[in-house]
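Chemist: Here the protein sequences line up with chains A and B, keeping their order. Using our numbering, read the first sequence as starting at 2 and increasing by one per residue. Using our numbering, read the second sequence as starting at 2 and increasing by one per residue.
Since the hints were derived computationally from the structure, they do not count as laboratory data. Only a predicted model underlies this, so the values are computations on that prediction, with no experimental measurement involved. A hint or two may mislead.
One copy or any two copies: either way a pair holds, since identical chains are not told apart in the list.
Straight-line Cα separation of at most 25 Å, DSS-like style, residue types lysine-lysine; simulated pairs [as the list claims (entries may be wrong)]:
1. Lys212 / Lys29
2. Lys300 / Lys315
3. Lys45 / Lys322
4. Lys353 / Lys88
5. Lys289 / Lys45
6. Lys82 / Lys353
7. Lys82 / Lys206
8. Lys210 / Lys88
9. Lys29 / Lys61
10. Lys84 / Lys353
Protein chains: 2
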Amino acid sequence: MPVLEQDPETIEKLTHLGKKLVNELNNKMSPYFERPVRSLSNVKYDPQSGILTLGDKKSKRTFLNIGHARTFMQSVLIASKCKELIKNQRSASIRELYYQLKHTVPGLNENTLEGQEESNPVVVDLETALDALREYLHLTADRSGNLFGPLTLEDQGDRIDCLRLGKSGLSIPSIVDDYKFVDHDANYILVVETGAMGDRLAEEKFHIKNKAIVISSQGQPSRGVRRLTHLLHTKLEIPVYIFTDGDPWGYYIYSVLKAGSMNLAFESKRLATPSARLIGMTMEDIEKYDLRRVTEKLKGIPPKKSGGPSEDYKRALELKKYAWFSHNLWQKELDKMVAMGVRIEQQALASKRLEFVSETYLPEKIKKQEFLP
Amino acid sequence: MPVLEQDPETIEKLTHLGKKLVNELNNKMSPYFERPVRSLSNVKYDPQSGILTLGDKKSKRTFLNIGHARTFMQSVLIASKCKELIKNQRSASIRELYYQLKHTVPGLNENTLEGQEESNPVVVDLETALDALREYLHLTADRSGNLFGPLTLEDQGDRIDCLRLGKSGLSIPSIVDDYKFVDHDANYILVVETGAMGDRLAEEKFHIKNKAIVISSQGQPSRGVRRLTHLLHTKLEIPVYIFTDGDPWGYYIYSVLKAGSMNLAFESKRLATPSARLIGMTMEDIEKYDLRRVTEKLKGIPPKKSGGPSEDYKRALELKKYAWFSHNLWQKELDKMVAMGVRIEQQALASKRLEFVSETYLPEKIKKQEFLP
Numbered sequence: 002m003p004v005l006e007q008d009p010e011t012i013e014k015l016t017h018l019g020k021k022l023v024n025e026l027n028n029k030m031s032p033y034f035e036r037p038v039r040s041l042s043n044v045k046y047d048p049q050s051g052i053l054t055l056g057d058k059k060s061k062r063t064f065l066n067i068g069h070a071r072t073f074m075q076s077v078l079i080a081s082k083c084k085e086l087i088k089n090q091r092s093a094s095i096r097e098l099y100y101q102l103k104h105t106v107p108g109l110n111e112n113t114l115e116g117q118e119e120s121n122p123v124v125v126d127l128e129t130a131l132d133a134l135r136e137y138l139h140l141t142a143d144r145s146g147n148l149f150g151p152l153t154l155e156d157q158g159d160r161i162d163c164l165r166l167g168k169s170g171l172s173i174p175s176i177v178d179d180y181k182f183v184d185h186d187a188n189y190i191l192v193v194e195t196g197a198m199g200d201r202l203a204e205e206k207f208h209i210k211n212k213a214i215v216i217s218s219q220g221q222p223s224r225g226v227r228r229l230t231h232l233l234h235t236k237l238e239i240p241v242y243i244f245t246d247g248d249p250w251g252y253y254i255y256s257v258l259k260a261g262s263m264n265l266a267f268e269s270k271r272l273a274t275p276s277a278r279l280i281g282m283t284m285e286d287i288e289k290y291d292l293r294r295v296t297e298k299l300k301g302i303p304p305k306k307s308g309g310p311s312e313d314y315k316r317a318l319e320l321k322k323y324a325w326f327s328h329n330l331w332q333k334e335l336d337k338m339v340a341m342g343v344r345i346e347q348q349a350l351a352s353k354r355l356e357f358v359s360e361t362y363l364p365e366k367i368k369k370q371e372f373l374p
Numbered sequence: 002m003p004v005l006e007q008d009p010e011t012i013e014k015l016t017h018l019g020k021k022l023v024n025e026l027n028n029k030m031s032p033y034f035e036r037p038v039r040s041l042s043n044v045k046y047d048p049q050s051g052i053l054t055l056g057d058k059k060s061k062r063t064f065l066n067i068g069h070a071r072t073f074m075q076s077v078l079i080a081s082k083c084k085e086l087i088k089n090q091r092s093a094s095i096r097e098l099y100y101q102l103k104h105t106v107p108g109l110n111e112n113t114l115e116g117q118e119e120s121n122p123v124v125v126d127l128e129t130a131l132d133a134l135r136e137y138l139h140l141t142a143d144r145s146g147n148l149f150g151p152l153t154l155e156d157q158g159d160r161i162d163c164l165r166l167g168k169s170g171l172s173i174p175s176i177v178d179d180y181k182f183v184d185h186d187a188n189y190i191l192v193v194e195t196g197a198m199g200d201r202l203a204e205e206k207f208h209i210k211n212k213a214i215v216i217s218s219q220g221q222p223s224r225g226v227r228r229l230t231h232l233l234h235t236k237l238e239i240p241v242y243i244f245t246d247g248d249p250w251g252y253y254i255y256s257v258l259k260a261g262s263m264n265l266a267f268e269s270k271r272l273a274t275p276s277a278r279l280i281g282m283t284m285e286d287i288e289k290y291d292l293r294r295v296t297e298k299l300k301g302i303p304p305k306k307s308g309g310p311s312e313d314y315k316r317a318l319e320l321k322k323y324a325w326f327s328h329n330l331w332q333k334e335l336d337k338m339v340a341m342g343v344r345i346e347q348q349a350l351a352s353k354r355l356e357f358v359s360e361t362y363l364p365e366k367i368k369k370q371e372f373l374p
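All chains should be modelled from the sequences, with the hints used to inform the complete structure.
Modeler: In structure tokens:
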């Protein structure tokens with residue numbers, strides 16, 4: 002059985018691009034690509050859909066332009082290789098892609114690619130130009146994260162019951178678009194920031210007792226984790242709750258899962274889950290659950306002090322300025338963090354009891370629907 | 002069903018320690034711990050067993066010593082908490098352990114622990130003093146890595162067929178001592194350095210076609226990956242091959258899996274697999290498979306040049322001096338790397354064909370038993 006199914010839509014996009022270039026050549030025009038500008042000036046937050054998107058600015062890459070010719074050649078090479086991958090139902094990492102395409106240009110003493118720093122941006126160019134996720138081009142990213150819960154899925158013809166994977170769980174690959182969700186009995190999806198918290202919940206059998214699909218992102222979520230969260234939410238139609246450390250970095254992880262990230266803004270509609278809610282940790286938790294003595298000091302210098310704001314303080318104030326943190330409750334939350342000068346980790350809940358997080362903290366918050374927007 | 006089984010041997014060790022301390026108190030002696038010195042001066046390579054071990058140097062920690070009293074108190078706290086964990090058949094991350102034990106000492110304005118930098122070394126002290134793996138104390142480390150292959154194991158009562166996990170695979174947890182290996186049909190265990198190479202082999206169905214248990218360590222191997230490799234090798238009695246990038250960092254990963262690491266030398270006998278062999282990448286591969294143009298330059302300054310050796314060069318020459326790299330073939334390999342001034346990545350094999358690594362490179366080397374020792 003082939004690894005990935007052929008995707009006629011993406012093949013069609015790539016074929017269309019190729020035909021367009023050939024037509025231009027036949028008509029003695031300089032062939033060109035057009036693609037949305039990806040710089041921050043063209044990244045916008047759309048409050049309607051709740052995601053980061055690219056604006057209307059476009060730029061052209063023209064073959065008959067001495068500054069563009071090399072990347073133009075690279076773009077055609079990569080587009081052609083991606084078409085081959087899809088046709089052959091194979092995938093490749095962007096590192097493998099680089100090695101596959103690195104060769105001497107016949108007749109010239111020049112390499113097609115000098116390093117992956119040349120091929121990576123061209124891959125992203127293609128993704129935006131074609132409006133096709135990297136995964137649709139059959140290019141893989143690094144995997145991380147794992148999953149537990151009342152979900153049966155089909156992966157390469159194997160039927161996997163994610164409730165019967167002990168405390169190990171399913172490793173989440175880079176490409177999850179080919180998963181078939183066969184059956185589920187889940188009330189919601191819970192994405193947790195740290196691997197250790199995922200392990201805690203698995204040990205407590207939280208996923209079984211609460212009928213929850215628990216995804217542990219192990220830090221900044223991989224594309225696989227983001228896409229899987231999006232797909233599960235869309236197809237299973239159950240809510241997504243995110244559980245991070247109570248610090249600017251955890252809250253940014255939340256926003257990436259919810260609204261998308263700035264450098265992949267063009268893919269938010271396929272990677273983000275705008276209806277996701279933050280379950281914790283919050284600054285309010287510190288008082289409510291009497292956690293003051295297990296907080297940690299924010300790193301860096303507070304605002305209004307000489308040299309400040311720096312490090313954690315600076316990051317918290319940056320978040321405050323992002324449009325997707327403009328909600329009143331988020332402004333208050335971030336102000337409170339800066340004023341208190343502390344952060345609170347997920348694992349600090351262990352100071353109550355190991356099982357406190359699974360028996361009390363999470364179920365109570367979910368029952369009362371006590372979330373940050 | 003409980004998460005982990007009670008381990009009478011470790012409980013006995015902890016009980017014995019407690020009784021010893023109480024006896025000393027009853028006899029009006031100053032209670033003390035004794036443990037092997039863990040500094041590099043006491044780390045030895047044992048060519049007989051092929052692993053790094055600790056030498057005979059011991060040091061004492063005495064309660065009635067102003068410099069030891071605080072860590073003594075912390076050691077007793079942690080030992081007591083570990084006993085509780087084992088009795089309750091629970092585990093905790095070392096971060097949770099820290100949070101569980103951080104409190105004010107009654108009657109004093111002092112915390113038991115000020116930071117995890119205080120509790121972590123005490124955990125390692127206990128491990129060495131008791132000659133008990135951290136996993137036996139039910140303390141978990143960060144997980145990473147995944148597994149594919151013809152192996153059926155039992156984890157928490159769930160029977161998992163690792164040949165039927167699609168391209169996702171089993172996520173490898175921190176504690177694998179409780180795995181029951183029910184059945185297998187594997188010829189060998191192949192541990193690969195990068196996640197992307199693990200994904201490549203999964204896509205090629207290498208694990209199915211070659212009856213191989215493929216473990217992807219995703220960089221520096223976690224304790225779970227090291228322990229699992231050791232356990233699989235010991236219990237299944239099949240060879241272990243390691244597949245890393247051809248650079249000093251990849252070779253060090255190999256040596257950690259094979260002989261143990263310097264800072265966990267006291268645990269080598271439970272974490273290392275001395276009979277493991279390196280399958281590649283080697284400097285010889287570059288010529289044999291015509292990979293010269295997909296090598297990368299070593300970083301840093303070569304020896305004998307001003308400012309050299311630095312970075313990759315320096316690391317390669319450091320490896321040369323380690324006793325566990327003293328084999329003639331390793332000395333040649335490292336000399337060759339420094340002389341050629343290049344490194345070669347696993348994924349560079351994609352420059353031939355994506356399936357070259359799975360159809361040609363690995364099977365040929367295994368058939369010819371072409372390994373570095």
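Chemist: For each hint, tell me whether it holds in the structure or not.
Modeler: To see whether the hints hold, each was checked on the structure:
1. In the homo-oligomer, the alpha carbons of Lys212 and Lys29 never lie at most 25 Å apart, since the shortest distance is 62 Å inside one protomer and 56 Å across protomers.
2. Taking the shortest alpha-carbon separations for Lys300 and Lys315, only the intra-copy value of 10 Å comes in at or below 25 Å, while the best inter-copy value is 34 Å.
3. For the identical chains of this complex, Lys45 and Lys322 are intra-copy neighbours only, at 13 Å inside a copy versus 55 Å across copies, given an alpha-carbon limit of 25 Å.
4. In the homo-oligomer, the alpha carbons of Lys353 and Lys88 lie at most 25 Å apart only across protomers (19 Å), although the nearest pairing inside one protomer, at 55 Å, exceeds that limit.
5. Proximity of Lys289 to Lys45 under the C-alpha cut-off of 25 Å is found in neither arrangement, the shortest distances being 36 Å within a copy and 52 Å between copies.
6. Taking identical chains as interchangeable, the C-alpha atoms of Lys82 and Lys353 lie at most 25 Å apart only when they sit on different chains, with a minimum of 14 Å there against 55 Å within one chain.
7. When the C-alpha separation of Lys82 and Lys206 is checked against a cutoff of 25 Å, the pair qualifies only between copies, where the shortest distance is 22 Å, while the shortest distance within a copy is 45 Å.
8. In this assembly of identical chains, Lys210 and Lys88 lie within 25 Å of each other by CA distance solely across copies; the values are 23 Å between and 44 Å within a copy.
9. Proximity of Lys29 and Lys61 under a CA criterion of 25 Å is satisfied intra-copy only: 18 Å inside one chain copy versus 85 Å between copies.
10. In this homomeric assembly, Lys84 and Lys353 come within 25 Å of each other (Cα to Cα) only across copies, at 18 Å, whereas the closest approach inside a single copy is 55 Å.
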